[in-house]
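*Asks:* Sequence:
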Amino acid sequence: MRGDLRQALEADNLFARKSLGQHFLLDLNLTAKIARLAGIQPGDTILEVGPGPGGLTHALLASPAARVIAVEKDPRFVAHLRSFFADEADRLIVREADALALDEVTLLAELGIKQPVRLISNLPYNVGTPLLVKWLKAGSWRGPMCLMFQTEVAERICARPGSPHYGRLAVLAAARCDARLALHVPRLAFVPPPKVESAIVVLEDHGKPFEDLPGLEHVTAHAFGQRRKMLRASLKGLGDAEALLADAGIDPTARPETISPEGFFALARAWRARA
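Just add 20 to wherever you are in the sequence shown, counting from 1, and you've got this note's numbering.
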């Protein structure tokens with residue numbers, strides 16, 4: 021019989037480690053709400069990164085998902101998750117791994133999982149952005165994503181042209197997904213409370229993917245690396261900036277925060293054609 025999660029953590033002296041960016045979400049009403057936002061369907065496979073003590077895992081196992089794959093870097097919580105959720109051993113697969121280095125294709129093949137998986141995670145703050153970029157580049161194994169970031173990052177992912185939050189992360193997300201900020205999560209909901217607020221972002225593939233994410237990363241790194249400059253100046257490192265902008269149909273005196281994602285897609289195509 022599964023016990024109380026907080027009591028189990030106290031009994032085993034399991035605490036958050038600052039070096040791993042750990043902040044635990046133990047409010048089961050809140051984690052249940054996050055699981056509902058994720059739109060889990062019967063038969064789904066869920067990949068959860070950084071489950072820690074299992075507050076969100078608890079809600080995912082209460083959903084109609086067929087299985088939950090929990091990838092945890094901290095060996096203390098690998099053992100805890102297997103023990104605490106022993107009654108769900110047929111649905112919960114716990115792997116000790118660094119998510120940034122994880123080969124998801126190999127893992128899913130080992131487990132015999134062929135359908136796209138949903139990514140649902142309260143991501144450690146220090147790896148949230150690189151993990152999102154990694155997953156945006158992913159192939160057919162990845163399904164919809166419901167991810168928690170610090171609010172500043174969430175706003176950057178969902179920003180539109182002209183917004184002060186708009187930048188390369190919004191462009192990269194728009195290349196594959198429709199992104200929306202679905203829920204604000206107060207800092208006091210965590211144990212220990214972080215210094216910043218958090219938010220849930222839901223990302224669903226829009227079916228019109230721009231495939232050259234590496235090229236788009238390269239172009240947007242130049243464009244937004246000097247965001248106060250006109251594009252004809254900030255893109256000089258790419259070669260003939262004026263010619264590239266002409267090829268893409270973009271005003272060379274424009275600044276990057278005014279250019280739509282589609283404009284950057286055209287610019288990446290132009291750069292790739294000349295590379």
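These are computed hints drawn from the structure, not numbers from a lab. Don't take every hint at face value.
[Claimed, not checked] Dumping the calculated DSSO-like pairs for lysine-lysine here, alpha-carbon to alpha-carbon at most 27 Å:
1. LYS157 x LYS228
2. LYS53 x LYS93
3. LYS154 x LYS93
4. LYS134 x LYS93
5. LYS157 x LYS134
6. LYS215 x LYS157
7. LYS154 x LYS228
8. LYS256 x LYS215
9. LYS215 x LYS134
10. LYS249 x LYS53
11. LYS228 x LYS93
12. LYS154 x LYS134
*Asks:* Against this structure, judge whether each hint is valid.
*Replies:* Taking the hints in turn, this is what the structure says about them:
1. LYS157 x LYS228: holds (14 Å)
2. LYS53 x LYS93: holds (25 Å)
3. LYS154 x LYS93: holds (17 Å)
4. LYS134 x LYS93: Measuring from Cα to Cα gives roughly 24 Å; hence the hint holds.
5. LYS157 x LYS134: holds (18 Å)
6. LYS215 x LYS157: Not satisfied, since the Cα-Cα distance of roughly 30 Å exceeds 27 Å.
7. LYS154 x LYS228: holds (19 Å)
8. LYS256 x LYS215: violated (38 Å)
9. LYS215 x LYS134: Status violated; Cα separation ~40 Å.
10. LYS249 x LYS53: Roughly 43 Å separates the two Cα atoms, so the pair is violated.
11. LYS228 x LYS93: Violated, at roughly 34 Å.
12. LYS154 x LYS134: Holds. LYS154 to LYS134 sits at ~20 Å (cutoff 27 Å).
Of the hints listed earlier, those the structure fails to meet are numbers 6, 8, 9, 10, 11, in rising order.
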